[in-house]
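Peer 1: Next come the chains, spelled out residue by residue.
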Amino acid sequence: MMFTRDIATQLMPLFLLVGGALVLLAWSAAAPKTARAQSVFAGLLQVVTLFSIVRAWASPAGPILGGMLIVDHFALFFTALCVMAALATILVSDGYLRRFDIMRGEYYALLLLSTAGMFVLVTAYDLMSVFLGIELMSLSLYVIIGFRRRDFLANEAAMKYFLLGAFAIAFFLYGMSLIYGLCGTMNFRGIMMSAIDHEYFRHPPFLFAIALILVGFVFKVSAVPFHMWVPDVYQGAPSPVTGFMAGAVKAASFAAFLRLFYMTFFAARSDWVHIIIVLAVVTMTLGNVVALVQRNLKRMLAYSSIAHAGYILVGMAALSIENTRAASSIMFYLLVYAFMTMGAFALVCALENRGDSRGLELEDVAGLGLRRPLLGFAMAVFMFAMAGIPPTAGFFGKYYIFNAAIERGLTWLAVVGVMNSALSLYYYLRVVVYMYFRPAAPNPTPVFDDWGVRTVMIISVLAVIWLGLGPSGVVPGIETVLSWTSDSVQHIVSLR
Amino acid sequence: MDILTRITFLPLLAAVMVAFMPSRAHKAIRWFSFLATAAVFVVSLGLVREFAAIPGMQMVVAKQWLPSLGISYHLGIDGISLFLVMLVTFLTPITVLGCFNSIETRVKEFFICMLLLETAMIGAFVALDMFLFYVFWEAMLIPMYFMIGMWGGERRVYATVKFFIYTMIGSLLMLIAILYVVHVHKVETGTLSFDLPALLETTLSGSQQWLLFLAFALAFAIKVPMFPFHTWLPDAHVEAPTPGSVILAGVLLKMGTYGFIRFAMPMFPEAALRALPLIATIAIIGIIYGALVAMVQKDVKKLVAYSSVSHLGFVMLGLFALNTQAVEGAILGMVNHGISTGALFLLVGVIYERRHTRLISEYGGLTKVMPVYATIFMIVALSSIGLPPLNGFVHEFLILVGTFQAHVWWGVFAATGVVLGAIYMLWMYQRVFFGEVTNEKNARLKDLNLREVLVFIPLLVMIFWMGVYSKPFVERMEPSVTQFVSQMNEVRETRARARDQSALETQESAVNPR
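If you read the sequences in order, they're chains A and B. For the first sequence, counting from 1, position 94 maps to 94 in this note's numbering; every step adds exactly one. For the second sequence, counting from 1, position 443 maps to 443 in this note's numbering; every step adds exactly one.
Quick caveat, the hints were computed from the structure, so don't treat them as lab data. Quick caveat, the model's predicted, so the values are computed rather than measured. All C-beta atoms, glycine included, are put in the ideal place defined by N, C-alpha and C. Just so you know, not all the hints are guaranteed correct.
Chain B stretches covered by chain A per the calculated footprint, using a threshold of three residues with CB under 8 Å from any CB of chain A [as the list claims (entries may be wrong)]:
hint, region
1, 40-54
2, 61-73
3, 151-162
4, 170-176
5, 179-185
6, 314-320
Looking at chain B on its own, in the form it has when it is part of the complex (with noise of 0.2 Å):
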């Protein structure tokens, strides 16, 4: 069996396997989920060690699955999907190992939604048949539900309905417009495919373009969240358990943007230059808009959660800022924050096991109560930032530099954006961490213990290796990021080109009237 087939579908066999365990055997459960999920991080390694730096996909399986449907099991990864891959193998484990005390009730029953939704995470990132995708996709939610709605808070029924549909919508709407583009293939080229690279041939006009990009982008939009759309997250995060919010920041909003890097912009390319400005309009409210709500948050887990629509949006910038730094950037961002976000909603849910509360007024002074805590705290939350050298300070570095090379007031507001948010992260850890102990409830919390801080040591490693060294990442990226780019702006110039055109026939239709 192939590499890729063994990463997806492992973590579904061990969620048959644990399935069949006795539901009493709480530690078993845990350790054999943990077991799993790191095992297939090691087997993930694998794909790091034979991935080849040049453009295209790699380690391709296409299979039939039902010919007569055009629907094939095809999957491969490139330079973008290799490390959205590598996070998702990367930072299961890290929840699993990180929720061992937080979920006490229906062990069972939770770790075979965390196993079930990795294997739907990993398909989503590696399949290549839209309908496969879509499969994945949609596969994903179910899981999170019952995360959200089985472990989550006291609103943690409307958090997950709210979501469910949400993200249903915008899906469906991208279903119609998949068999719409598969329909059109099918008229083209008489053959029912739907396999990404056979779409990607379609010719569709403009208008069709248009339409077929709006239905996608709602779709990742939706997920992503960007702004107005952003409205299901605060709600799904501050419900949901711990191990879900990481998973749903690290992993899921990740989706969104892959979903506009890999599928609605090279197959409505026209469509996605057309909605460029629309869309870098958004991303900026969404910066701003972000980091200005996530200021004024009195619940940890919330200002984290405004962080993330602040955040997202400047990947999205960074997509559509369309050069070679910018997309590396952003995909750089896509990873980056997953470990950063991921790591504080660990942090928060660590005080939150002890004090099962997370309002900021409730704290302060932690950092002679728990020093270890407050020191990874505050690297985590400098990443989150972006200071240099900790890995947020590479990402945005190569955003800004590309969004100024883009258009200058993009990287205007942008850079704004990182000045706020500095301002919310460190106001938050002021409160919570220096001065006195106010609070008598606080004086004698236990800092972190050893499975804890095993917890936070691959992610602190990550922080500073990817800010430190970025080299091994950003040169396997490279070529991807340069196809998609440069296919990009051929699109761009032959528009700019016809467009030029009927300017000048124009107006030598003015010069000389018929």
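In isolation and in its complexed conformation, chain A is listed as follows (with noise of 0.2 Å):
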């Protein structure tokens, strides 16, 4: 295959951030203490890579490379939400790490290399693209995770993240090989091809393949059964890394888990759907319910973060292939929860303070409504919107996946999903309870709110607000996304 000017536009967002990770880790080598500039570096590089993106957008999408990536609208709407919330990470992690005195230059170049990981993820036309993907994505994760080196559970998160991980990947490998015996490919067309050709759809082999790919998926989206490791993962990790984690982690998983069912295992809907029901009522539910009594926030937003990926999971049941709005509403959810979750870490990051092993308390953001008004009102703007109160976009969110679930004759999921909803009401307001209602301490906890940490929180308020209300215009609104989204789905749609 020839490799022309298209395929390098394509692919441009891959090599951008490959190239910077490698640039960065020479340069952290040569000069070790350099690591501001290194963050100003891998800042500008994600901007470019925001570029290229716009970019490869109007270029024809087609499988390239064999087969192996597909760079199209979906993929890149995915790659773009990412680059995002690598972006608003290295904007908290500066001040971060240097608080925590673990600032080296290899934490950007390992993030950027994530993101490449995620940008295969979210490309892959191919098993072992998405094999590829997930690893990269993850590996280097595992090591930010556990950056904090000294701390106990830091450890015990990048430990667990990693044992679990490889776990759930060996599953998904093996349904890979299954596939592979069976279809003689790896590639999502060749699959469905070869499964219509010898109708395996209703092959037990096959379905078993599916049910272990599905295993790897739920592990990567953090949806229950396979959610133990969520909040000690999220608890330990360095917060940015957490809230990348949340927004990024969850939104590139989710891309190649809806590619991967919407297209080639569609077929097979009528046995997989029960599964994927089944996972959404429990992991809203556990989700929801656990985090009733979490205290410490970021596990609470752990908690938070398993409800939402039963919310998507509700989406995931409900799609069909005469109407894209379910696929198009679980684009449009990763997005905004992308924002919400991105804009809550970012002020979990601004108050962590060395010292505190135990963590961050609901007590200590008590007053910080009225001490700082400004991100007081943000973070109850990211309350309102997870617990889907409107006018915010995660009203909007949750209003098209249950609207497609009602579309899709799934009414009761979506009754079960408005309960869960009513639910998590009570621990998000308690967070708005806390930074309002409740008088501060003494001695509250300092806010090391530096520039990087208020532009990531006005940028996802000002988005929240706007998803959830804005009509088209100069600035893209909610149906210019959705636009998008749709669009990105029927050309899924076509490629069938």
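Each of the two chains sits in its own frame; use the hints to bring them together as a complex.
Peer 2: Structural data, given as structure tokens:
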């Protein structure tokens, strides 16, 4: 296959990210004390990557590199999401790393590599690329999760994520090998054609393979029953990284999950949809119920992240070829969730201080809303958005997913979903209660909100509000974003 | 810009302006908020002037908002919502003026909440797009949540979270019901639309209607609140600061009854008729239960709160009696309750500001110390009881007349509620105001000052005006009400005919077995 200019344009984000990571690695080896400059470099690189995504958007999409990758709008949407999340992470990291005295260049190199892995994952058009993407994304994360290496919780987190992640990916590999054995190909379309030709969709080994692959994805998107790592890892990892995991890793994993199940395995929907429905119900409910009793802010957000995976699984259960709304709602939700969660974790980063190993408790935000009106307001908006209250984007995302479920005839699932939202209200409101209705402690936790944290929070707040009610105009509103998502989804459908 | 948009978003604009004022400038913020809300009232008078007494929606605004999602910016008012919008714009400046002294901390935040709340309330009353309505309906919760939570009493956090979660559970089910109707409508006509007039045309099967109606009814019944969903109300009222209680009782509760008449009943008429005995029963239970519980309260504010349960039971009963008098009475009842109960909460707030207690036993003989206050309280209490020629009498009379026509026993029970209402109110009045001044601390209480008197004058004017000459009000709402009633009755007759038909068929098949 010719390596044309189009392909170069399409893969430019990957080149930039990997190239940048290599430069940073060499740089930090040569001049280890320049982490500050490296963070600026990494940030600028992400901005450039965003521009390269915009350029790639216009180029014709089709499988490239022998059907290994496909850089379509769907992939670029998620790449943009992950790159923005990485940019936000870089912005909030600087102050945090310095406070915890773990400022090293490798941090940014690994972050870029992880983002590159996400690019591979979301563009994957072959099970092997999915595997490579997941591994590249995760291996880099294992290291930066344990970046506070003298901290017991951080070590536990890195170890747990690594071991369980390896275990889960082994299931995925096993499923892959079964599929390769049956179909003789690992290309998404190849598998589908072969399965249709041989009528594998009723064939137990093939279904078993789907189930094994499902395990791998369920682990990565942090859904029940493979969620046990989430609270510990979220708590132990440096907070910027936690935000990155909640915002970007989940989105990238869902992207590959969605592409594979919406395209290749869709003909077997009647076989896997029941599993997804059960997972959705259990994930939402468990995430929300356990979050109710959390007093540690990061653990609370971890369980809330599990619950949000559950809402998105409702969208997965409602997928249909004729009506692309469900798939489009998943994309919209992940975008919104990335903004909400990155914003919330930016505040967590600003509050966390070296030395209190117990982590951030609810009491630590007491009185914050009045002490720091802007930060408090932003956090309140994120909490209301996560709970799904209009006029925020969180409401719109939920509305869109439940709407898809109802159109697919899954009204009862939507009812379970809204009941869960009602349940989640309690713990999201509790943060607001502490911020506004409780007096601050006599010597309150200092807030380290450098300009990076503030930028992330302000942009997230604006996005969360605008994506909740904004009509399209100069700034892309809900409709523009939804037209992007439904475009992308149409393209996936057209590949079938 | 059209008048409805102007009225709806003026307070929001004012809120944004307040946000940029220095937070120490308490006086400026108070006066600015008052002037802004008063300006909204003045602008809203234009509504009354332009309003024509014809059925159907007027001053309609229909603009695209999110066209690909079927969501539009559709506003309009009719004879039903006109008075509720006026109630909001009338009550808000009074409340703002009334709380100049009672809110002393975080003044800026408070008035921002108040102004945001006004936008959301007006928006919910004028929205004719289900999505838009839902957004306003939910958006109302947030400022109220902060109002109770930040400026409330001791158990404010508990009360405000309870209030929020209770309301939210109902509304979420309603959201699902809205989505379901929209879906059915889309399947039927092929267009995606949240527009209320379009959705009213949707044909739904009996069981669909029933479930959807229940989802809507739950959301609205919690808001009204109807027995047995009323338990959030006493907590919220007692803990809320005075202005919060005034708005809560004066306007927010009407959202529930308004929801029934605007959405739940016209959209699902058959289910509404099927639920009629059930709703009438719990409305009657609410009337009597609310009154009995109000009687034994030790706290004046709690007494007024429970009296709301009773009064709104009346309104619900009137709505479901389904004849012109009763429905008109119910709508007047919403407005009157807003005025009288709003005034009562303001009055309770006045002594609370002075003594920081609301227990009945702490008072006694206040007529001697605060004669002006006692007089005003007496008038308002009598209006709440429904004594002619005050406003309460008009709506209670209309509801009772209508209810007796619909069902004699309902009328009998409802009339008991009126008697009980007189008992708890007058008994409380007697204990607080008559007799000797038993408590030393009450001996030197100051009577109302000029600002406070000014607060009550518009309320008293309305109390007398609506009691003596309610024709202008009834006249304007009549076409809309007649339309509503005739639509509901049409459905009732069709139902009855269908029932006769099927009964006839069963008879026939019994006579001539095939």
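Peer 1: Could you run down the list of hints and mark each one as holding or not?
Peer 2: Hint-by-hint comparison with the structure:
no., hint, result
1, 40-54, "violated (count 0)"
2, 61-73, "holds (count 6)"
3, 151-162, "holds (count 4)"
4, 170-176, "holds (count 4)"
5, 179-185, "holds (count 4)"
6, 314-320, "violated (count 0)"
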